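Novice: Please build the complete structure, drawing on both the sequences and the hints.
Residue-level listing of the chains:
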Amino acid sequence: MKRIDPLVPAALALVALVLGMPALKPLFAWMFPDQARPLYEQDSFLSLTLGHLSLVAISSAVSVVVGVAVAIFVTRPAGRAFRPLAETLTAAGQTFPPIAVLAIAVPLLGFGPLPALIALALYGLLPVTEATVAGIEQVPSGVREAARGIGMSPAGILAKVELPLAAPVIVAGIRTSVIINIGTAAIASTVGVKTLGLPIIVGLSGFNTAYVLQGALVVGLLAVVVDLAFDRLGAFLDRWNRDAGAKTA
Amino acid sequence: MVKNPVLMVLVVAALAAAIALPFLSHAPNRLLSGQPVPWGLVLEGWRGLAFAPAIILLADPFLPDGRITHALVALAASALIAGMIWLAGDVARAMADAATPAARTSFGAAFWILAVMAALAASDALQKLTREPALRIGLALLLALPAVLLVANGFIDALSIMKEYANRRAVFAAAVTTHLAIIAAMLVPTLAIGLPLGLLVHRRQKLGRPIFAVLNIIQTVPSIALFGLLIAPLAALVAFAPALARLGISGIGVTPAIIALTLYSLLPIVRSTAAGLAAVPGAAIEAARGIGMTRAQIFRAVEVPLALPVLVAGLRVTVVQAVGLTAVAALIGAGGLGAIIFQGLNASAIDLVLLGVVPLVGIAVLADLALKLAGAMLKARTG
Amino acid sequence: MIRFEHVGKDYAGWTAIEDLSLTVEKGEFCVLIGPSGSGKTTTLKMINRLIEHDRGRILFEGAEIRSFAPEELRRRMGYAIQSIGLFPHWTVEENIGAVPKLLGWPRAKIRDRVTELLSMLTLDPERSRARYPRHLSGGEQQRIGVARALAASPSVLLMDEPFGALDPVTRDTLQAEMLRIQAASGTTVVLVTHDIDEAIRLASRIVILEGGRIVQSGSPREILASPANDFVADFVGRSDRGLRLLAAERVGDRMRRGETAAGEPLTVDASLREALSLFVARNVDRLPVSDTSGTLVGSIHLADLVRTPSPDAAP
Chain A
0 MKRIDPLVPA ALALVALVLG MPALKPLFAW MFPDQARPLY EQDSFLSLTL
50 GHLSLVAISS AVSVVVGVAV AIFVTRPAGR AFRPLAETLT AAGQTFPPIA
100 VLAIAVPLLG FGPLPALIAL ALYGLLPVTE ATVAGIEQVP SGVREAARGI
150 GMSPAGILAK VELPLAAPVI VAGIRTSVII NIGTAAIAST VGVKTLGLPI
200 IVGLSGFNTA YVLQGALVVG LLAVVVDLAF DRLGAFLDRW NRDAGAKTA
Chain B
32 MVKNPVLMVL VVAALAAAIA LPFLSHAPNR LLSGQPVPWG LVLEGWRGLA
82 FAPAIILLAD PFLPDGRITH ALVALAASAL IAGMIWLAGD VARAMADAAT
132 PAARTSFGAA FWILAVMAAL AASDALQKLT REPALRIGLA LLLALPAVLL
182 VANGFIDALS IMKEYANRRA VFAAAVTTHL AIIAAMLVPT LAIGLPLGLL
232 VHRRQKLGRP IFAVLNIIQT VPSIALFGLL IAPLAALVAF APALARLGIS
282 GIGVTPAIIA LTLYSLLPIV RSTAAGLAAV PGAAIEAARG IGMTRAQIFR
332 AVEVPLALPV LVAGLRVTVV QAVGLTAVAA LIGAGGLGAI IFQGLNASAI
382 DLVLLGVVPL VGIAVLADLA LKLAGAMLKA RTG
Chain C
5 MIRFEHVGKD YAGWTAIEDL SLTVEKGEFC VLIGPSGSGK TTTLKMINRL
55 IEHDRGRILF EGAEIRSFAP EELRRRMGYA IQSIGLFPHW TVEENIGAVP
105 KLLGWPRAKI RDRVTELLSM LTLDPERSRA RYPRHLSGGE QQRIGVARAL
155 AASPSVLLMD EPFGALDPVT RDTLQAEMLR IQAASGTTVV LVTHDIDEAI
205 RLASRIVILE GGRIVQSGSP REILASPAND FVADFVGRSD RGLRLLAAER
255 VGDRMRRGET AAGEPLTVDA SLREALSLFV ARNVDRLPVS DTSGTLVGSI
305 HLADLVRTPS PDAAP
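Protein chains in written order, with the numbering used here: chain A, 0 to 248; chain B, 32 to 414; chain C, 5 to 319.
Since the hints were made in silico from the structure, they are not lab data. Here the structure is a predicted model, which means the values were calculated and not measured. For each residue, glycine too, the CB sits at the ideal point set by N, CA and C. Each hint should be verified, as a subset may be incorrect.
[Stated by the list, open to error] Listed below are the simulated SDA-like cross-link pairs for lysine to any residue, each with C-alpha atoms no more than 20 Å apart in a straight line:
| id | chain 1 | residue 1 | chain 2 | residue 2 |
| --- | --- | --- | --- | --- |
| 1 | C | Lys49 | B | Asn377 |
| 2 | C | Lys49 | C | Arg217 |
| 3 | B | Lys403 | A | Leu227 |
| 4 | B | Lys403 | A | Thr87 |
| 5 | C | Lys49 | B | Gly313 |
| 6 | A | Lys193 | B | Asn377 |
| 7 | B | Lys159 | A | Lys193 |
| 8 | C | Lys30 | C | Leu306 |
| 9 | B | Lys403 | A | Ala85 |
[Unchecked claim] Across the chosen pairs, the derived CB separations fall in these ranges:
| id | chain 1 | residue 1 | chain 2 | residue 2 | range |
| --- | --- | --- | --- | --- | --- |
| 10 | A | Gly92 | B | Ala274 | 53 to 61 Å |
| 11 | A | Ala133 | C | Gly17 | 41 to 49 Å |
| 12 | A | Val65 | B | Ala310 | 33 to 41 Å |
| 13 | B | Asn184 | C | Asp128 | 49 to 57 Å |
Specialist: Now the structure itself:
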């Protein structure tokens, strides 16, 4: 029996929820009869979602670019000496709770989206670097040697052999980084950024459980959809790798 | 010739930070932002000696590779950090004498950068000094001791962060206790559910797929969302059965925090239990059966000891993750160090934020080291 | 000692063992041999109930094996496997003492037995007992495996291709030790192998299995001299049969007592195959023979290799 792909229904549910939240007002009014304001209306969920996504997208993009670059440098002969340092930093850094990074960024750089972005980018860097290094390292040395033997340049080997073969592991690292980012971005609402965490925070301080539920549902569903998308991407890469391998075989 | 390019980079970065950024900053009161304390004041008189160990660190890239060099670097780093702490405390005391009680002196960016660089240099040196994890961790703790002793004995009490501490000693102690208590409390249901679940997944591989699928989804949901999602049902449950409220269970606070933490911890525990059991050599189990051990005896004497190192690694991930999650739980009223952090963020008081963040990171790092040590010791015994 | 009576074993869709009847006498060194899938390992594992038989009876010392609890049965037998399976988190001493501990022996008794076994297997007791398996070579590990199997002085020792994973030199040494130990302790041994030379060297009785049935059973000499059918003949090797026959005989059985010859002597226990090899290597047609203590006792001629054993041959 073919497994139903949950990505499409989940994504549709997310879009429906984000766009149609106002329509659910009667439902929340029924669920929370004592609540004077059963629906978060200070900002539209669409704008919050877009704000959240753009924060995550930009910081993740930076994390990926810098993280992969650092990892590539550290696995080249020129950068080999920095490998232990990189490993110590990524390992130690991930012991830091993500909230700590956010909390430190604010006093240093002020409130608002930019400090949050920097904090998210810096923290998101770590799993990406770690995964890219691991991914490149697990490429069998025999394959690398063969590529050298047929006369590929080091840049060519990197682009055509190492990175494609490391791709599944790298994508897994990016996935981890993005999912953590989505969660941390929600907390960023406490430092003046408009994300999906805002209804939750406002709801918590105002004892409005309806707000909390709305925010939690949307951001939770968002995270699940993104994770499923990455899952699909991973499967696609596997197939692509296999086919590409078959073609050159 | 530069023997160690890594050190070189660290040294150059540290120097750049030291020159461009302030070591300490001073503000007449909490509301105004701090001004850099001039280097002249910081290095006045004998104070400059605090930076003497830096000479070794500066020279290190050019020193020959060897155990003595590494040991010297590690010691110099430790001395430098301790020296800077003492220095900061001394300058702060001097400035406090000359200013109003509302004035605050705090660590500047240069201090943090220099401290982190020194710590990295020490870590690099320790890694080259010995391969034994137990030894590395023990030495690291010893090297951190002077700095810890200085702080504990009040040498930096004049600094703003310690002033914040002094203002809310009881609150701080309560926060730390609550934070640790929440983590300890969540370990009980986590292990009670996670260990048997891991065993089940190991014995019946087919169940692994759905179980891990569910646990993965839980892991994906942002912590603040999960906390939030638990509030409504829990509140409804308590409304339905008021007896629970008398037990201390409620929709907000510690209850949803522990439930959510347990849910988040299940994935690493279940996965590492199953992986640990899978890593037990099949030959050992076959031999154990053949010599006449019962199923229970094989489990107790062979499988559990050999699976333990992997399980402890999973426990390490769980605890470190829990430290951070508990801080977020402050938002739903669970208390803990997160409460101090968010209070600081609300009031734009960096020292309050640091008062929460530094212990938070400290606990995470200590837990990480302790469990790493435990794992290394177990691994040594079972090969 | 061990008797199989019309034993059968089925797996889903195919029959692994088909009406097997076999008796292993006390003190025998019985080797089960056959190609892959012949059922030799299954047969072995049915003895200690690691695999349960479906049809027939298996008796151990007169009693049906089903009348014992499986663990109880296994503790009365020694079991050594190809992958050795030492417990990595236990020292050599703890590994060897595993069964005695299960049987509740006092610590001092276990300690002494470990010392005894380590010496018997030519390992230094004091240096070896506190070490961990990962610090031992493959040969040393398998010695410990055998020691563990013998620890509680079982009446029967079951071995499943124990030397298969070792290099030829170590395998040779351990085979020799196995012979020595079995001769000294009188333990009944049932050993599974696919190596015909190992079988010929070790066995007092060889049982050849094919497709879950016994094809032939007898002493190595009998099997080599009169293979029951083409399969057995092929199995023991058509072109090497003669050499293998020589390997199954001792110098002591064909030598001429009292005669002398020149050169480095051969021992009475050496196989005729070794003798042939030396004849060719030294380009001679007679060799001196000494007993195990080194005293010259006679000689052997090249022609003796194809004569039937004489009535006054040395025991």
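Novice: All hints, please: hold or fail.
Specialist: Consistency of the hints with the structure:
1. The hinted pair formed by C:Lys49 and B:Asn377 fails the criterion: a straight-line CA distance of about 72 Å is larger than 20 Å.
2. With a CA separation close to 16 Å, the supplied pair C:Lys49 and C:Arg217 stays within the 20 Å bound.
3. For the suggested pair B:Lys403 and A:Leu227, the alpha carbons sit about 32 Å apart, so the restraint of at most 20 Å is broken.
4. Among the hinted pairs, B:Lys403 with A:Thr87 is consistent with the structure: their alpha-carbon atoms are about 14 Å apart, no more than 20 Å.
5. With a C-alpha separation of about 16 Å, the suggested pairing of C:Lys49 with B:Gly313 holds against the 20 Å cut-off.
6. Note on A:Lys193 and B:Asn377: the hinted pairing holds, with a Cα-Cα distance of about 16 Å set against a maximum of 20 Å.
7. Under the criterion of a C-alpha separation no larger than 20 Å, the hint pairing B:Lys159 with A:Lys193 is inconsistent with the structure, at around 46 Å.
8. About 37 Å separates the Cα atoms of C:Lys30 and C:Leu306, which puts this hinted pair outside 20 Å; it is violated.
9. With a C-alpha separation of about 19 Å, the suggested pair B:Lys403 and A:Ala85 falls inside the 20 Å cut-off, and the hint holds.
10. Remark: the range hint 53 to 61 Å for A:Gly92 to B:Ala274 is contradicted by a beta-carbon distance near 46 Å.
11. At roughly 44 Å, the beta carbons of A:Ala133 and C:Gly17 sit within the given window of 41 to 49 Å.
12. Here the CB-CB span from A:Val65 to B:Ala310 is close to 35 Å, well matched to the stated 33 to 41 Å.
13. Remark: the range hint 49 to 57 Å for B:Asn184 to C:Asp128 is upheld by a beta-carbon distance near 56 Å.
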